[in-house]
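Asker: Protein chains in written order, with numbering that gives the first Met the number 0: chain A, 0 to 340; chain B, 0 to 406; chain C, 0 to 86.
To be clear, the hints were calculated from the coordinates, so they are not data collected in a lab. Certain hints may be false.
[Said to hold, decoys possible] Pairs of lysine to any residue residues, derived as SDA-like cross-links and limited to a Cα-Cα distance of at most 25 Å, are as follows:
| id | chain 1 | residue 1 | chain 2 | residue 2 |
| --- | --- | --- | --- | --- |
| 1 | C | K61 | B | A269 |
| 2 | B | K289 | A | R1 |
| 3 | B | K286 | B | P325 |
| 4 | C | K4 | A | Y105 |
[As the list claims (entries may be wrong)] Covered stretches of chain B (in silico footprint by chain A; criterion: 3 or more residues with CB under 8 Å from a CB of chain A, positions within the stretch not fixed):
| id | region |
| --- | --- |
| 5 | 49-63 |
| 6 | 127-133 |
| 7 | 136-144 |
| 8 | 155-162 |
| 9 | 165-173 |
| 10 | 266-275 |
| 11 | 386-400 |
Glycine residues also receive a C-beta, built at the ideal position from the N, C-alpha and C atoms.
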Amino acid sequence: MRNCYIHSAVSISAQNTFDTDSFLAAIITHHENKIQAIYPNYREYISPSASRRMETGVKIGFVAATKALTLAQLSQPDAILTATGMGCIADTEKFLNSIINNNETYLTPTSFIQSTHNTVGAQIALGLQCNGYNSTYTHGNLSFESALIDAKLLIDLEEANNILVGGIDELGNEFVDYLQMIEAKYDKGINVPFGEGASFVVLSSKKKANAIKLLDITTVNKISIKQLTQKLEVFLSGNNLNFKDIDAIVLGNNGDVFDNYYDDIACSLFAHAAQINYKHLVGEFHTASAFGFWLAIKILENQHIPVGVLKNSTHSTTLKTVLLYNQFKGESHGFILISIC
Amino acid sequence: MQDKKTYKTTSNRVAVTGMGIISAIGNSVEDNKAALFSYKSGIKPISKILTIHASQIQVGEVSSSNNTLLTQLQLTPDTNFTRTALLGLTAVKEALNNAKIIEFDTYKTGLISSTTVGGMDKTEQHLKQYKTSLESQKYISSHHAGDSTQKIANYIGINDFTTTISTACSSAANAIMLGARLIKSGKLDRVIVGGTDALSKFTINGFKTLMILSDQLCQPFDDNRKGLNLGEGAAYLVLESEFIAKKEKQSILAYVSGYANANDAFHQTASSENGQGAYLAMQKALKIAKIKPEQIDYINAHGTATPNNDLSESVAIKRVFGDQVPNLSSTKANTGHTLAASGAIEAVFSVLALQEQTVFPNLNFKSKMKETMLTPITKIKKTEIKHVLSNSFGFGGNCSTIIFSKK
Amino acid sequence: MSITKLRLELKEKIIEQLNLVEFSVADIDDNTALFGDGLGLDSIDALELIVMLDKDYGIQLKDPKEGKEIFKSITVLADYIARQKNI
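Can you build the whole structure from these sequences, using the hints too?
Answerer: This is how it looks when you write it as C-alpha cells:
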C-alpha cells in the first residue's frame, strides 16, 4: 500500500484563510446566522468570459483548486475529485424559480447547465484541459470524506499519483432559509451560522519534505455513543495507533444536541489531547469538514493551534497525529487521521 | 503479482451476484428482459407530471405511482421519501433478494448510489409552500442528493461505507466503478452499486432549453435523429469479491472486468468532435480488463439519439475499434434516457446480454449516419458473447465505460 | 423602429442576457463576428439568444442550427428580425 502525502491545502472560508500568510491570527467574529465566505479577487484566476456564467460555488471552487495546484507545483493532476452537499444551489434556485414564475416559458439554459453537481469538477478539468479521472461526491456531510476515500484508493491501487480533492458548498439565496426555519424548531438545534466555503488539497504518492501524511479515513452510518469507542479503537489500531497517540482532535461541534458524540469522546478517550472546533468560525455546511481538514493540516504544518479554535488548554509540545471527526444529526460519521512524517 | 496483506488486486475478481431494476419497460429484471426480447418501448406521452411541454415530448415513465411504490415498500404516506428514493429502494430490494443477501454483519457491505435529480421531484412541487405548509416542509430535508441513498441505507440496514455520486449521466457507471475498486482493494467485501432518477419538471425544462429533446420516439444512431426522450428509473448490482461469492456459493452472473473514467475537457454540455473523453474511457477500460478491442462482442452504447452524442460516440468507437466495430445498440429507445440511473440500467442489460447470449436491438433505426456509417443491430441476435462494453457519458465531459465479462 | 435603433437595442440585450459585464455597447461593432473569434460567444450563448428572439421579438427557431447563420453579427441579426417583423 502506498503512502498518501498532502502537498498543499487551500481554503476559502468566512475567515481570512486564503489571501494571507498568517494562520488564523486574527479571528473574525460573525454575528449573523448566515455567513458568506471572504471572496478572492476572481479576476486573478478566472477569465470574464468564463466567470460570467459562474455562481459563487463554482468560482470559489475553481480558485481554491487553482491555488492548491500552484502551491503543489502541479500543472496537471491525474484525477480531480470534488465533493458538495447541496451542489450548485444558487443556479438550481434560479432555474426552478424561473420555471415556477414564468410557468415554464422563456427559460434559458445557463442556470440549468450550471446547476449540475459536477460543474466545479468539470470547470476545473476544462480550464486545465485535464482528461483524467473526474468524480463528484454528494452524500451530505460525508461528501468530502467520500472523495478522500476515493483519492486514497486511487493511490493504493496505483491508479493515480497526484490528485486534486476539494469540498465546496455555497449559501445560495433561498433554500438555506428553509433549512434554518426547520432547524429553529428544534429544542437544541444548530447554533452556529450556516456557512459556505471551498477547501482543496493536492494528494500525492510522492513524499516531499515536511509533508503531512493522510493515514486513513473511515465512515459509518449509524453508531451509538457507546459503540463509538470500539469503532475508534479499531480505526486507530488498524493504523498502529492507540488513543494516547492522538495529539489533537478536530471536531465538528455545531451546538446541537448531537454534539454529545464529540463531548463524550473528548472528555473520555481524548482528555489528554488538544480539542479543536471550527464551525463557530466558518459555519455549518455539508462540506465544512473540508475546512476542518485544511485546519488540521495547517496545525501540523505550523506546529501551532490558533487560539480561536482551541477549546481546551491541554496539548503536547509536539503535535504529531490528528484525528478529525464529524457527523450530522447522529448519523453519517466520518473519521480522518493525519500525521507528520 | 504478489501483493501485501491488504492489497488484493489482480487476485480479487469482482463478481456480479445480484441485480434489481425498475424502468419504463418493467418493474423487475424479468419484466425488463421480456420487454427487451419483445422490442417493447416504454416511451409515451407524459402522464404523471403536468407540464406545458406535454405535447412536445415523449418520456419513459415507470408505470407505478408513488402511492403504489409506498405501499409495496410498506412505507406510510407521512414519510418524506421522494420518488427518486422510492424507485431506488425498490430496485435495491430486488437486487438484494436476487443475491440472497439478508444481513450485513458477516461481510463488510457498502452502498454506492447515484442521482442527478435527488429530491427535486418533490422540491419543485413544494418549494413555494415550504413557509406555510407542514406537509410540504417535510420535504426540505429530502432535497439534497445524498438523501435517497441515506434513506435506502437506513431502510435495508447498511452501516458501512455509504455514499452518493453525482456526475450527471455517467453517475451510476462511476458508482459501479468505485464499488469494483473497493472490492479489488479489499476495503469492502460486498457493495450495492447503481443509481436512481425520477422524472421532474426541472429536468424536462432543463433539457428543453438545450433543444435536445425529440417530440417523437428517439432514434439512436440514425442519420435523422432529432434528440433524446427523457426517462426515469433505478437499477443496482450487487458486487462481491469472487472469493466470497464462491465461498458463499453465490450465483455469479458476470464479472466487472474493466472500467474507466476520462474527461472530455471540451465543453460543459457538448461532446468533442473526435470523442476524446469517450475514446480514452474505452481504451482504458479495455486495458484494465486486459482484453483487446476485438474481444468485445457487444457495445451497449450511451446512444442518447442527440445529434451531438451519437456522432461523437460513433467517432470514438471507430477510433477504438477501427473497421471491426462489434455488435452495437443503444437501449435508450426502450427506456428513455434515465440520466444518473442509465449507467446502472444499462449495466443490468449488459449482464442480461451475457446471460442470454443475446444482443438487444436498437429500436427506431432506419438510416446510417453519413459521417460514420455505423449500423447498430436492429433485430434480436443470438450470438456468442464473452465481453460487453457499456458506455455512459455525462455533462461536464464525464465519460465512463464499464466492461462486463462472462464467467 | 429604425434599424440603427434595433442594432443598439440588440447590443444592450446581448450584454444583459449573456452577462457580458466587461462590455459596453460601444465595444460591440455592428459587423464583428459574435461567435468564434469575434466576441467569443459559444453554443450555450446561442441557446440564450434563441430564447431572447422568442421572448422579446416573438420569433421562434425550431432548430438550434438555424442560429448559426442568424447570429453571425449584430447587422445580420438586426436584418433578420427586421425581415421577420416587416420593420
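Asker: For each hint, tell me whether it holds in the structure or not.
Answerer: Against the structure, the hints:
1. C:K61 / B:A269: Status holds; Cα separation ~19 Å.
2. B:K289 / A:R1: Holds, at about 23 Å.
3. B:K286 / B:P325: holds (17 Å)
4. C:K4 / A:Y105: Measuring from Cα to Cα gives roughly 24 Å; hence the hint holds.
5. 49-63: That given contact holds, which follows from 3 residues of the region 49-63 of chain B lying within Cβ reach (below 8 Å) of chain A.
6. 127-133: Result for this restraint: holds, n = 3.
7. 136-144: Per the Cβ count (6), the hint holds.
8. 155-162: It holds: at least three residues are needed, and the region 155-162 of chain B offers 6 whose Cβ sits within less than 8 Å of chain A.
9. 165-173: holds (count 4)
10. 266-275: holds (count 4)
11. 386-400: holds (count 5)
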